[in-house]
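Residue numbers (the working numbering), protein chains in the order written: chain W, 0 to 419; chain S, 7 to 323.
Source of the hints: derived by calculation from the structure; they are not laboratory data. Among these hints, one or two may not hold up.
To be verified - Which chain S residues stay away from chain W? Per the calculated CB distances, all over 10 Å, these:
1. T46
2. L50
3. G51
4. F53
5. Y55
6. L82
7. G91
8. L93
9. L115
10. F145
11. M153
12. A179
13. G267
14. D289
15. R313
16. K317
As the list claims (entries may be wrong) - Covered, in the sense of this in silico footprint (three residues per stretch, anywhere, with C-beta under 8 Å from a C-beta of chain W), are these stretches of chain S:
17. 66 to 73
18. 156 to 168
19. 274 to 288
Since this is a predicted model, take the numbers as computed values, not measurements. Note that CB positions come from ideal geometry on N, CA and C, so glycine has one too.
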Amino acid sequence: MFRIKLGRIALGLATAVLAVGTAHADTELAFYHYQTGKSYEVFRGILNEFETANPGIKVRDIFAQSEQITGEVQAALAAGRPVDIATVIGKNIVFFLNNTGAVDMVAASKGDTAWLDGYLPNFLDLGRVGDAVYAIPHAYGTPMLYYNKDIFTQAGLDPNSPPKTWEEFVADGKTITEKTGLPGGAHLAAAMGDYGTMVMVNNAGATYLNATGTKAEFDSPQGIAALQTWQDMATSGMMPIAGDTDWTAAFNAGQMGMYITSSAALRGTVAAADGKFALGVANYPLFGDHPRHVSNSGAALMLYAPEGERRDAAMKLLRFISQKEVANRWSRESGYMPLIQDPLSDPAMAAYVKDFPYVQPVIDQMADTIPTNVWPAKGTLEAQTVIRAMLDELWAGQRPAAEIVPEAVAKVNAALAANN
Amino acid sequence: MVDTALADAKAPVATGTKLQNLNARMTSTSWVPWLYLAPTLILLGVFTYWPLIQTAYLSLVEWNLNPGQTADFVGLSNYGRVAGGTLFQSAFVNTLIYIAASIPLKVLLPIPVAMFLWSLGGKGHFYRAILFLPTLISFVVVGVAFMWILNPILGYAKQYAAMIGIHMPNLLASPGSAIWVIIGISSWKVLGFNVLLYLAGLASINRDYIEAMRMDGAGDGTIFFRLIWPLLTPTLMFVLISTVIFTMQQVFTPIDLMTQGGPSNSTTNLFYMVYQYSFVTFDVGGGAAGTMMLFAFLMLMVFIQLRVLDKRVQYKQ
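Same shape as in the complex, but just chain W (with noise of 0.2 Å):
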């Protein structure tokens, strides 16, 4: 009897102590971002939404600086730490498709894709491998023309009335300087990354590198003919010589008259300039007659939880982060593009753009933006330190762009060779 009695206990307090971890036991989710600051306190805002709606499952977000986040996550990944969904910057997505194990967001929704449809096709080309999807737009951005309509004044020019070719742009520039003695303008070179070569070459409707990333072909005449343009700003003295630092210090202190980078810092650029000058903000420069064709710049995000609980807590995290409604806030109150098709059909948005119209080149935008160009994992330091070589003697201006543009081409080819 005592024995049926002490076996009841011990049962039932199984029972009690199961059924209470079970009642405590979250599902967390491991997400690495680079988001700081204001950027940073709207990410976490999202994410607590997301936990208060789905009681079950809690976020874990994990920061990195943006420089070491594709290394962070490539050894959390390496080490076995758990790694849910993961921001990667664009130029390295092809990298982690080919090693490590992203997971496929089609495959993942088992059916229902209905989530990815609101994303405009073109953002989804760059994690897109047939019809699997390894990666979903985040923290986008697009390079802008920013000007400063006060030294347009000065030099002359019509402040409301920025460049829209590249031809209009060097012939300002270089009237900003003449008129002014201020540099006219720079476009954004990215150091290392070459992101500024890949968007001026491809804008011009030369190709930068093939589909697989193991070929460059900008030696064609319109890359040629984009990167004289880049020798021309400098040697007639209205880019000086520099840095995208240097350039970014020089045109918020109001000292450049224009500025072409990232939409990305559209929010900082503005409050640099108030107060201090006014600031007008346009559409990339056309080349010729070709239609634009801008290289997004920023990060995706890609999914590696595993199969089970983490990877439905996962599926929801992500489907709840791309309705229209979340996607547009993100990108309202973080500065980065909107990422949803048709933006404005959102009263919020709408009335948004009426307070901030800086933002409306970005959406006029959005259509013009390809996916931007990515790497292979040999040889890609090796052709990127040539590239940006072939910058520097560009600028230097000993040879002309059809003699240095070719050489780099072959160098940047010998140096992909090993991924053939």
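Since the structure of chain W is provided, determine the placement of chain S on it from the hints.
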């Protein structure tokens, strides 16, 4: 007979005791030093030699650390790929320039400075503090400060040069001058620390020897070359070896902040190249091969220094 029997009986006992004592001594003397060394050996093994072996392994395989993929043995192809590139060639030449420039600027220049401060005695503390101050400032802060000074559009250097009618060239944009800016910044930052090391070396010299030489009519030059220089050679040896080894690390932050190895690869070095392979383009095999080549290069440099210079070092006063 009895004595003999006793002696025979005692002999093995005596031999056995001796052996036991010897064994006991051997055992105690053989493992006790290892016990003292164990913490260092374990730390060195875990954090230095094991990673080195792992790096050597990674340099011979094609694998990007993905647990789901197999590591394919590729022999020396990662070495060939890295060493055959123009980046490696530039990085190697620049490494030699950084080292060659560091000897006069970081190893020799601090000696007269330290001598001057030493001659001031207690009054030299103020100058010592001023000279040591740059050592305390983070390389990141130094890099950012010099970027502002040398900014080709708004920089202080440009503004002040313009005030006296000089056109300030963009030093960081020219392949000929950028490396010297990096060398200058790292030398300025390290100078105070090396001066301090030499001051410690000078402090160990007995001033009575100097007085004795003066009484014998020796001049400053004779005192320096016959007495101070030989007695300073152990410090010089330490400063030389540590400068050669660490100079590439010292220029890493200014390179990353100010030039990213450019223009035209003119400021990169082997250390920065390895970082780029490993953490910018995530080419683990290339990064590991570069690391092993860098390791071999530094070993060779230290070996040469020890073979050539160590014989000339005066360790006894």
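Verification of the supplied hints:
no. : hint       : verdict
1   : T46        : holds, 26 Å
2   : L50        : holds, 22 Å
3   : G51        : holds, 20 Å
4   : F53        : holds, 16 Å
5   : Y55        : holds, 20 Å
6   : L82        : holds, 14 Å
7   : G91        : violated, 5 Å
8   : L93        : violated, 5 Å
9   : L115       : holds, 30 Å
10  : F145       : holds, 16 Å
11  : M153       : violated, 7 Å
12  : A179       : violated, 4 Å
13  : G267       : violated, 7 Å
14  : D289       : violated, 6 Å
15  : R313       : holds, 35 Å
16  : K317       : holds, 42 Å
17  : 66 to 73   : holds (count 4)
18  : 156 to 168 : holds (count 4)
19  : 274 to 288 : holds (count 8)
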